[in-house]
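S.K.: What follows is the residue order along each chain.
2 protein chains.
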Amino acid sequence: MSDPNDLAAFLNDAWQLLRRGVADSRSPARYPTFATVSPAGVPEARTVALRRASQEEAVVEAHTDIVTPKVTALRASPIAALHIWIPKSNLQIRLTTRVEILSGEGVEDAWAKVPPSSRVSYGTVPDPGTPIEHVHAYDKPPERDRFAVLRCMIDHIDLVHLGDRHRRAEYARHDNWVGNWRAP
Amino acid sequence: MSDPNDLAAFLNDAWQLLRRGVADSRSPARYPTFATVSPAGVPEARTVALRRASQEEAVVEAHTDIVTPKVTALRASPIAALHIWIPKSNLQIRLTTRVEILSGEGVEDAWAKVPPSSRVSYGTVPDPGTPIEHVHAYDKPPERDRFAVLRCMIDHIDLVHLGDRHRRAEYARHDNWVGNWRAP
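Chains A and B supply the protein sequences, listed in that same order.
Residue numbering for the first sequence follows numbering that gives the first Met the number 0, starting at 0 and increasing by one per position.
Residue numbering for the second sequence follows numbering that gives the first Met the number 0, starting at 0 and increasing by one per position.
Honestly, the hints are just simulated from the structure, not real lab data.
From the three backbone atoms N, C-alpha and C, an ideal C-beta is built for every residue, glycine too.
Just to be clear, a hint being listed does not mean it is correct.
[Claimed, not checked] Here are some chain B residues the structure puts well away from chain A; computed CB gaps all over 12 angstroms: (1) Ser53; (2) Leu81; (3) Asp108.
[Unchecked claim] Okay, the calculated bits of chain B under chain A, using three or more residues with CB under 8 angstroms as the criterion: (4) 25 to 34; (5) 37 to 51; (6) 74 to 80; (7) 96 to 106; (8) 111 to 121.
Okay, chain A solo, but in the shape it has when bound:
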């Protein structure tokens, strides 16, 4: 580890782990917990797969079936919190984001890159969450029209590193990611 008091290095470490999450399906950063608020005001959290991470734009992306409750939640309140715990690094990464739901022609390129075996994640019949009579009473045809990209524009990043002395920092888009240390 470099200088523990270096805010920029701490942030760069986190971005490197996010990029690894996109590239490596075995990385813990591959599977953030994605928290939203339902129209009734109830917190909801589920696993998503990280599909893109751009430090330059401060954007991360996940894919979803557009008929899922997380899309319903985001239409009512387009804010999502992403939470990642990296065991080997003892690092907690928390992102607060504004989410755009992209679908239709705008996501043609992203859909083209989804392997056929994964396309069945978009199109479950009946809709995900619907009660069914038997454990396997559903089908999973690929449905291109139900594929959506969740484009998450990051406004805040909160990092906590657990060590002999814990380190915590917060970074914000509005101050160009300069960041500051926080009591952990």
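Since the structure of chain A is provided, determine the placement of chain B on it from the hints.
M.R.: Relative to the frame of chain A, chain B by itself:
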């Protein structure tokens, strides 16, 4: 695995993993992601440690420093979602809970069981999240008065098992945890 169409066995598997999380700090169920809604309506998520899991009461508990934002959030909106992903089991456990914040004399017994080395998690000066000048410009005295138990009364449990054929079920307190299968 037993009969894949057995709702009660599926739920019992999840509770067994939750109990293991309490007993074994290396279990993935030890560290749920705990999602709340801030007074401004923003979803917030952070790691907590699972300290108790009672299937009989349908209650799980975590501990917290009472001055943290999660307590502020819970005072405004006492609903929390707990999310756990168990890699080896390919199982996602999601709990929707009503949270009671217990502190003072009512948590004397719980505090007595907190090892001295862990008591420093309750009492950071300045308060957690406060901006500080240097990465280590904080102190962590143990403060018994800041120790609180988050008693999470579970209303819903949603389980998703990823396998050759995915399985998903939802269980609710109001129907005495009988549960039903859902499209995954």
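S.K.: Return the numbers of the hints above that this structure violates; sort them in rising order.
M.R.: 2, 7, 8
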